[in-house]
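Residue numbers (our numbering), protein chains in the order written: chain W, 46 to 255; chain V, 46 to 255; chain X, 46 to 255; chain F, 46 to 255.
One thing to keep in mind: the hints can contain errors.
Unchecked claim - Restricting the straight-line Cα-Cα distance to at most 25 Å, the calculated cross-link-like pairs of lysine-lysine (PhoX-like) are: (1) W:LYS66 / X:LYS48; (2) F:LYS136 / X:LYS48; (3) V:LYS48 / W:LYS48; (4) W:LYS48 / V:LYS136; (5) F:LYS48 / X:LYS136; (6) W:LYS136 / V:LYS48; (7) V:LYS66 / F:LYS66; (8) F:LYS48 / X:LYS48.
Said to hold, decoys possible - Interface residues of chain X toward chain V, partial, derived using beta-carbon atoms under 7 Å: (9) ALA122; (10) TRP157; (11) ASP242.
To be verified - Residues from chain F that keep clear of chain V, each with C-beta distances beyond 12 Å, as calculated: (12) ILE51; (13) LEU57; (14) PRO87; (15) VAL97; (16) ALA101; (17) HIS102; (18) PHE103; (19) ASN123; (20) GLU139; (21) PRO142; (22) VAL147; (23) MET221; (24) LEU228; (25) GLN247; (26) HIS248; (27) ARG254.
No lab work stands behind these hints: they were computed from the structure. Note that this is a predicted model, so its numbers are computed, not measured. Just so it is clear, CB atoms sit at the ideal spot from N, CA and C, and this is done for glycine as well.
Number of protein chains: 4
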Amino acid sequence: MNKYDIYRHQGLGGRSGIGNKCALVLVDFVNGFVDFDQLGGPHIEAAANQTVALLAHFRQHQLPVVHTRVVFEADGANTNIFALRVPPLQKLTEHAPGSQIVPQLQPAPGEWVIRKQSASAFFETGLAGWLLQRGVDTAVITGCTTSGCVRASVVDAMQHNLRTLVISDCVGDRAMEPHEANLFDMQQKYADVMSRDEFITQHQALVARS
Amino acid sequence: MNKYDIYRHQGLGGRSGIGNKCALVLVDFVNGFVDFDQLGGPHIEAAANQTVALLAHFRQHQLPVVHTRVVFEADGANTNIFALRVPPLQKLTEHAPGSQIVPQLQPAPGEWVIRKQSASAFFETGLAGWLLQRGVDTAVITGCTTSGCVRASVVDAMQHNLRTLVISDCVGDRAMEPHEANLFDMQQKYADVMSRDEFITQHQALVARS
Amino acid sequence: MNKYDIYRHQGLGGRSGIGNKCALVLVDFVNGFVDFDQLGGPHIEAAANQTVALLAHFRQHQLPVVHTRVVFEADGANTNIFALRVPPLQKLTEHAPGSQIVPQLQPAPGEWVIRKQSASAFFETGLAGWLLQRGVDTAVITGCTTSGCVRASVVDAMQHNLRTLVISDCVGDRAMEPHEANLFDMQQKYADVMSRDEFITQHQALVARS
Amino acid sequence: MNKYDIYRHQGLGGRSGIGNKCALVLVDFVNGFVDFDQLGGPHIEAAANQTVALLAHFRQHQLPVVHTRVVFEADGANTNIFALRVPPLQKLTEHAPGSQIVPQLQPAPGEWVIRKQSASAFFETGLAGWLLQRGVDTAVITGCTTSGCVRASVVDAMQHNLRTLVISDCVGDRAMEPHEANLFDMQQKYADVMSRDEFITQHQALVARS
Numbered sequence: 046m047n048k049y050d051i052y053r054h055q056g057l058g059g060r061s062g063i064g065n066k067c068a069l070v071l072v073d074f075v076n077g078f079v080d081f082d083q084l085g086g087p088h089i090e091a092a093a094n095q096t097v098a099l100l101a102h103f104r105q106h107q108l109p110v111v112h113t114r115v116v117f118e119a120d121g122a123n124t125n126i127f128a129l130r131v132p133p134l135q136k137l138t139e140h141a142p143g144s145q146i147v148p149q150l151q152p153a154p155g156e157w158v159i160r161k162q163s164a165s166a167f168f169e170t171g172l173a174g175w176l177l178q179r180g181v182d183t184a185v186i187t188g189c190t191t192s193g194c195v196r197a198s199v200v201d202a203m204q205h206n207l208r209t210l211v212i213s214d215c216v217g218d219r220a221m222e223p224h225e226a227n228l229f230d231m232q233q234k235y236a237d238v239m240s241r242d243e244f245i246t247q248h249q250a251l252v253a254r255s
Numbered sequence: 046m047n048k049y050d051i052y053r054h055q056g057l058g059g060r061s062g063i064g065n066k067c068a069l070v071l072v073d074f075v076n077g078f079v080d081f082d083q084l085g086g087p088h089i090e091a092a093a094n095q096t097v098a099l100l101a102h103f104r105q106h107q108l109p110v111v112h113t114r115v116v117f118e119a120d121g122a123n124t125n126i127f128a129l130r131v132p133p134l135q136k137l138t139e140h141a142p143g144s145q146i147v148p149q150l151q152p153a154p155g156e157w158v159i160r161k162q163s164a165s166a167f168f169e170t171g172l173a174g175w176l177l178q179r180g181v182d183t184a185v186i187t188g189c190t191t192s193g194c195v196r197a198s199v200v201d202a203m204q205h206n207l208r209t210l211v212i213s214d215c216v217g218d219r220a221m222e223p224h225e226a227n228l229f230d231m232q233q234k235y236a237d238v239m240s241r242d243e244f245i246t247q248h249q250a251l252v253a254r255s
Numbered sequence: 046m047n048k049y050d051i052y053r054h055q056g057l058g059g060r061s062g063i064g065n066k067c068a069l070v071l072v073d074f075v076n077g078f079v080d081f082d083q084l085g086g087p088h089i090e091a092a093a094n095q096t097v098a099l100l101a102h103f104r105q106h107q108l109p110v111v112h113t114r115v116v117f118e119a120d121g122a123n124t125n126i127f128a129l130r131v132p133p134l135q136k137l138t139e140h141a142p143g144s145q146i147v148p149q150l151q152p153a154p155g156e157w158v159i160r161k162q163s164a165s166a167f168f169e170t171g172l173a174g175w176l177l178q179r180g181v182d183t184a185v186i187t188g189c190t191t192s193g194c195v196r197a198s199v200v201d202a203m204q205h206n207l208r209t210l211v212i213s214d215c216v217g218d219r220a221m222e223p224h225e226a227n228l229f230d231m232q233q234k235y236a237d238v239m240s241r242d243e244f245i246t247q248h249q250a251l252v253a254r255s
Numbered sequence: 046m047n048k049y050d051i052y053r054h055q056g057l058g059g060r061s062g063i064g065n066k067c068a069l070v071l072v073d074f075v076n077g078f079v080d081f082d083q084l085g086g087p088h089i090e091a092a093a094n095q096t097v098a099l100l101a102h103f104r105q106h107q108l109p110v111v112h113t114r115v116v117f118e119a120d121g122a123n124t125n126i127f128a129l130r131v132p133p134l135q136k137l138t139e140h141a142p143g144s145q146i147v148p149q150l151q152p153a154p155g156e157w158v159i160r161k162q163s164a165s166a167f168f169e170t171g172l173a174g175w176l177l178q179r180g181v182d183t184a185v186i187t188g189c190t191t192s193g194c195v196r197a198s199v200v201d202a203m204q205h206n207l208r209t210l211v212i213s214d215c216v217g218d219r220a221m222e223p224h225e226a227n228l229f230d231m232q233q234k235y236a237d238v239m240s241r242d243e244f245i246t247q248h249q250a251l252v253a254r255s
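Please construct the entire structure, taking both the sequences and the accompanying hints into account.
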């Protein structure tokens with residue numbers, strides 16, 4: 046039996062669906078993660094480019110948008126276990142070029158830019174409460190890396206009881222094998238995985254109906 | 046470049062190491078997860094059997110041990126998004142055979158048995174504070190599934206700033222491909238991956254030295 | 046200047062208001078807290094009696110209801126700093142009469158009964174996510190003690206970005222001075238304080254309008 | 046029966062004690078809270094002055110020190126329910142004079158300065174994990190206001206299973222009645238309350254003994 050058969054046999058692979066109000070979460074789309082010599086690569090740059098139209102869609106519908114950046118204190122005051130295991134993270138300080146959001150996805154006023162030090166966009170950042178305040182029930186996750194901070198954010202989004210969607214062509218990774226493996230895991234257990242255009246089409250249909 | 050080369054080039058794949066005090070976390074070693082017709086299979090049963098001697102090691106050294114079970118209310122009062130996506134989880138109620146810990150790993154008095162409803166053993170369970178109270182700085186993670194609740198627990202253990210270890214032959218999955226893929230992700234980013242016997246040998250050496 | 050003048054001078058004492066969907070939180074209305082020889086007294090029993098009609102109101106409007114009980118493991122496995130400082134808490138085990146919800150407020154099927162070990166109903170219990178899943182934006186807090194678990198729950202409800210209300214005659218304490226002092230603090234900083242009948246009247250007017 | 050008798054009768058008023066490793070938490074000692082026309086007053090300035098020698102003590106013993114500031118985004122991106130209820134909080138932006146730490150308690154390199162938006166220094170800030178990483182088991186709380194962010198931080202410190210101490214002459218409030226009422230609540234339920242000099246004497250004795 047292959048993995049698909051096993052998961053189907055045990056009742057996994059369900060759907061979350063799009064709820065009443067979506068928010069867009071852009072995880073760590075910063076310069077350091079589109080640079081192969083830092084922490085990312087061209088697959089992530091392609092994902093960032095693909096996300097431009099999705100961000101425009103959310104802005105047009107005046108839906109909440111949140112960006113995350115990895116930012117550590119330059120004096121080491123909050124260097125944590127994650128940054129000790131992955132030392133290049135320590136270079137992502139407030140003003141380092143590597144920790145600035147990529148030019149094509151610059152935050153607009155009122156979009157919240159979270160400084161985070163962990164994998165998940167939700168871990169000790171207040172994001173869940175920010176979404177609750179805005180009546181959001183559906184988190185649309187983009188960013189990088191698929192097998193790292195995206196996966197961690199998706200698991201937490203679902204754990205906070207949000208319907209969770211991953212936009213497959215708006216998430217990127219430094220290597221393709223973990224990218225694919227994590228899309229499989231997320232689809233089977235935590236989130237609906239769909240392309241940007243599938244999402245926009247489905248969302249527009251829902252908006253038109255309401 | 047293969048994935049190993051890419052990760053090495055970017056400075057991932059570090060080590061956490063064993064700290065001053067370890068705790069053993071047994072994630073969801075319950076009957077329903079050793080049963081192929083529920084949520085698991087024989088690979089998980091093998092991992093449970095392998096864990097027996099590890100549990101004995103922790104008890105002998107009088108180190109903290111915590112077990113988790115998935116337990117939902119029978120009247121649906123706390124059915125969450127996870128249980129809606131994975132309906133068989135809803136059957137894991139307080140007295141269901143599937144939600145009882147496997148016979149070979151029965152909790153001893155004083156070992157905490159956490160009832161959880163999410164993927165991570167740390168998510169809204171109080172486990173981080175329980176470990177802090179006991180002076181633990183190192184979490185040793187076992188259980189199932191590797192690609193599900195183990196992975197989620199490992200990420201959270203690291204996010205809470207614990208040194209985190211995954212015992213490769215004491216974690217199991219319903220399918221081998223996700224098992225392997227997730228061991229890779231965890232090793233590269235979040236945790237040291239080692240076999241049971243490697244851990245016991247290293248730990249005994251550290252204890253002898255102190 | 047008295048405290049009211051100082052708070053007004055500095056811009057405190059605002060209003061939260063009732064939002065789109067309320068949930069009722071009954072904090073620790075258990076036998077041990079209506080008993081003067083355990084952890085409570087007659088003022089709490091009066092608050093429980095007063096809450097009966099409020100609970101009926103929520104049920105009639107089919108709004109979410111959550112109860113909390115303090116429950117510690119009988120073998121001491123999760124005795125925490127709180128229970129070490131306040132030893133009578135340790136007696137509130139699963140089947141102890143003192144930890145059962147008072148007869149006049151028995152939970153109905155589908156109402157969630159949270160077992161908690163800390164002061165706040167939100168601390169590591171999953172309550173915030175449970176409310177998010179149900180689209181709740183307003184927490185209506187009752188229970189005991191005003192100066193203890195009610196206060197801690199109110200602060201956390203607001204921190205999770207819920208509009209928060211305290212029903213002044215549905216919260217009780219073991220002593221009147223802390224009861225009054227904490228109602229002042231909560232009103233000035235965290236929550237709207239109103240009587241049961243004020244709440245029901247305001248809520249009915251809002252429901253009629255929508 | 047007065048409140049002291051009632052609390053004694055019911056077994057409250059225990060002790061936490063000083064553990065193996067203390068950290069100093071300075072809650073919101075910023076310019077805006079020593080200014081009567083913003084959010085504080087002279088009682089808080091006196092507490093800040095009193096804290097100078099305590100901070101020196103922690104630095105001398107090379108123990109962890111953490112400062113908090115209230116900082117909101119200038120564009121309103123993270124204005125929360127707390128800031129909507131207490132509008133002057135919204136003026137505490139990154140570069141506002143009111144949100145800068147008071148001159149006498151300037152952070153030293155390596156001391157972590159947390160930007161927070163809620164009452165508790167622990168709420169969604171990562172402070173608990175930061176303390177766990179440093180092996181801290183005892184939180185020594187100072188700052189302002191006693192009835193606001195200090196109280197909220199103390200409750201959370203205990204909920205995270207830290208032994209918790211409040212230094213009575215190093216915490217201050219805008220009004221005396223809530224200051225006293227909250228010291229009573231904290232002493233009875235959550236934390237040991239002692240003066241700065243009592244703490245230093247006890248701590249030095251413990252250090253000498255170890």
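Margin query: Please verify that the nearest CB of chain V lies beyond 12 Å from ARG254 (chain F)'s CB.
Written below: The claim stands: ARG254 (chain F) keeps its Cβ more than 12 Å from every Cβ of chain V (closest is about 19 Å).
Item checked: Pair hint LYS48 (chain V) and LYS48 (chain W), alpha-carbon separation not exceeding 25 Å -> Cα-Cα ~22 Å, so holds.
Item checked: Restraint status (C-alpha distance of LYS66 (chain W) to LYS48 (chain X) at most 25 Å) -> violated (42 Å)
Next item on the list: Classify the label on MET221 (chain F) as holds or violated, using whether its beta-carbon is more than 12 Å from each beta-carbon of chain V.
Entry: Fine: 33 Å to the nearest Cβ keeps MET221 (chain F) off the interface.
Notebook entry, point to check: So is HIS248 (chain F) really clear of chain V, every C-beta pair being over 12 Å apart?
Noted result: holds (19 Å)
Check: Does the claim that PHE103 (chain F) lies outside the interface with chain V hold up, using a Cβ gap greater than 12 Å?
Finding: Holds: least Cβ distance 20 Å, greater than 12 Å.
Notebook entry, point to check: Taking 25 Å as the top limit, are the C-alpha atoms of LYS48 (chain F) and LYS48 (chain X) close enough?
Noted result: holds (22 Å)
Margin query: Need the status of pair LYS48 (chain F), LYS136 (chain X): alpha-carbon distance at most 25 Å?
Written below: Answer holds: LYS48 (chain F) to LYS136 (chain X) is near 23 Å, not above 25 Å.
Note to self: Would the non-interface assignment of GLU139 (chain F) survive a Cβ cutoff of 12 Å against chain V?
What the structure shows: Consistent with the label, GLU139 (chain F) stays out of reach of chain V, its closest Cβ about 26 Å off (over 12 Å).
Note to self: If I take the minimum Cβ distance from ASN123 (chain F) to any residue of chain V, is it greater than 12 Å?
What the structure shows: Given a closest Cβ separation of 21 Å, the condition holds.
Next item on the list: Measure nothing beyond the straight line between the CA atoms of LYS48 (chain W) and LYS136 (chain V); if it is 25 Å or shorter, mark the hint as holding.
Entry: Holds: LYS48 (chain W) and LYS136 (chain V) sit about 23 Å apart, inside 25 Å.
Item checked: Distance rule for PRO142 (chain F), whose beta carbon must clear each one in chain V by more than 12 Å -> The claim holds: PRO142 (chain F) sits with its nearest Cβ about 34 Å from chain V, beyond 12 Å.
In summary, the numbered hints that this structure violates are 1, 11.
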